[in-house]
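Assemble chain B onto chain A, guided by the hints.
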Amino acid sequence: MRDVLDGTTRLDGTARLDGTRGAGGTAASFAAAAAAAAASAASSGADEKCGSASNDDKVMSAAEAVRRFVLPGSIVGMGGQNINRCPMALVHEIVRQGVGGLVLMGCNLSLPADMLVAAGLVVRTEQGSGNLERYGTLFAWRRAVERGEIVVEDHSHLTMVTRFLAGSLGLPFIPTLSLLGSDMAPPADGTPRGSMAAAVDPWAGQPVVLLRKARPDVSLLHVHAADARGNVIIEGVTSHEIEMAKASAVTIVTCEELVEDHEVSRRPEQVSLPSAYVGAVVVQPFGAFPTSVYRRYDFSEDDIVEYQSVARAGDADVRRWLDEHVRAVADFDGFLARRDPAGTVRAELVSTMETITMETITMETML
Amino acid sequence: MSEPATNRELLVFEAARRVHDGECVIVGTGLPLLAALVAQRTHAPRVQLIIESGVVFPTVLPTPMSVVDPRLMHAPSRLGSLLEVLGGFVQRGLVDVGFLGGAQVDERANINSTWVEGDDGKRRRLPGSGGANDIASSCRRLVVLMSHERRRFPARCDFVTSPGFLSGPGARRAAGLPPMSVTVLTDLCVLEGDDDEGRLRLAALMPGVSVDDVLDRMQFVPVVPEDVAVVSQPPASQLDLLREVLDPDRRYFPEAAGMTEKA
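Taken in order, these protein sequences are the chains called A and B.
So the first sequence is residues 1 to 367, counted in the working numbering.
So the second sequence is residues 1 to 263, counted in the working numbering.
Same shape as in the complex, but just chain A (with noise of 0.2 Å):
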């Protein structure tokens, strides 16, 4: 199933494995990632939903979870911001299966983004930035769009968390105030451009934009806590997630923790994500290394700096360090212990965040 499309897929990144996915995704592609899943799946029930393994247990590892529901010319929805939180265990796992023409969904897109595009692996992408803010841009990205490799739809933050509610409400479209007046704003006479049309609100009478839904195939997710059944725990900001995972066909995470069932179970009001959207559940501490996860590390500001001075130096450069960071490992903790053999960075980055986070420090007190 996985040889059926190869990175040639067309660059509007609609031929699909059942050739009817266009950038707003369908039922038809949420039933081919669970057919995925089914077909490769040893121990699949006749009840399964969401793509899912088993709805008990969706704990697998970061290449089975990539090798189900990552397929080439999957509409990949982006998890994470900048510096925090970022898939990057799933990342690297893609970049070691090479698994093409991908069409990248996201608010801001940002270290893992730029990995798979230096990877060859990105047609499109349909974001609202892309960059590392005081780190600099995404070089490998902006080297690419810049060539024309990747057809790029620009749209705001709020305009891209919208799309993905308008997805996972199951609405069609949706308006927005933002992009009106500007240069992505759509011709005014309704004539859709990409994602977006000019309309009126009827009642008012005032110009509005409407935005078509996304729904990316497969959201890609690093996580606190999770139980084996898939129900998500996120502490501090979720940026766009939330609403971009319950509008994907289905959603791999990986988190710092694996807990019991109970414990979610005694306080379900602290689910962010319901096992409904979850399809594979990846246990992988320090898996959005060298980026943060709130209360449990800082971000590790040398190993961004150093991605992004050899992202910076040119394309061959950042293959050649995915070639020897990424490609020459097995997995993740691999990459763990190549860039931090003795553990002392990581320790580090967590001994900052207790810092950091300690609710009795103020201002002064960190001087």
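Among these hints, one or two may not hold up.
[Unchecked claim] Listed next, the stretches of chain A that the computed footprint assigns to chain B, with coverage defined by at least 3 CB atoms under 8 Å from CB atoms of chain B:
#1 124-131
#2 153-162
#3 196-210
#4 231-238
FYI, nobody ran anything at the bench for these hints, they're computed from the structure.
Using N, Cα and C, we set each Cβ at its ideal position, and we do this for glycine too.
Frame of chain A, contents of chain B only:
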């Protein structure tokens, strides 16, 4: 006695003066955040900060490098989502002041952060809107911080990512956008304007800067009044606040710390 403020530091204090007590302000990281914190710790103790990633009303620890830096998430009212902040606060109309940066600002205060045309005629890709379009679409007051270089002040932006006054007076209303006033702060001057004017005017100069210095570094000519004020120095206590408390390692003033900016 402290060294007097550099023009880049003055830009922070001048931005802080645009924030009034009790207002709700959306900021990213960098100089806008420092400005909001100066305001919070001086004349506007009840200013409420929100950050697009979902942070609502935090106390900020030194010195965040990103909108998702945990240093930005201390003791907030809520840690929520991007939809809550850019939708539930900004688009909902609960934010008084928005702070932005950009690659270009034009005569009509439109902002570009998507792509610029290089000297070779090729497009150079930039990060894109982020929350900037949302903020410029829905906030009533916008403060834009810019490095004052000629290429950054074209008559017309190569691409309008975030709407200022669009094509001129009345254009925002016609597009369906609320009225907005804009302050552009640079290391050379202060430019201001609103919908009715439809273009930027030179409101003040940084110390030691002439009108010609400003105009030489722009591709358009803003409205220049007969008398242009000069930006005043902050009290020494505020300079100490910025240099020793808010950004003790001078992360945002590498020139002052003798560092080169990373990445």
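Legend entry - Three-residue Cβ test at 8 Å for the coverage of the region 153-162 of chain A by chain B: holds (count 8)
Inset, instruction - Please count how many residues of the region 124-131 of chain A have a CB within 8 Å of a CB from chain B and say whether that reaches 3. - result: holds (count 5)
Legend entry - Three-residue Cβ test at 8 Å for the coverage of the region 196-210 of chain A by chain B: holds (count 3)
Inset, instruction - Closer than 8 Å, Cβ to Cβ, for at least three residues: run that test on the region 231-238 of chain A against chain B and report holds or violated. - result: The restraint on the region 231-238 of chain A holds, since 4 of its residues have a Cβ under 8 Å from chain B and three suffice.
Against the hints set out earlier in the document, no violation occurs for any number.
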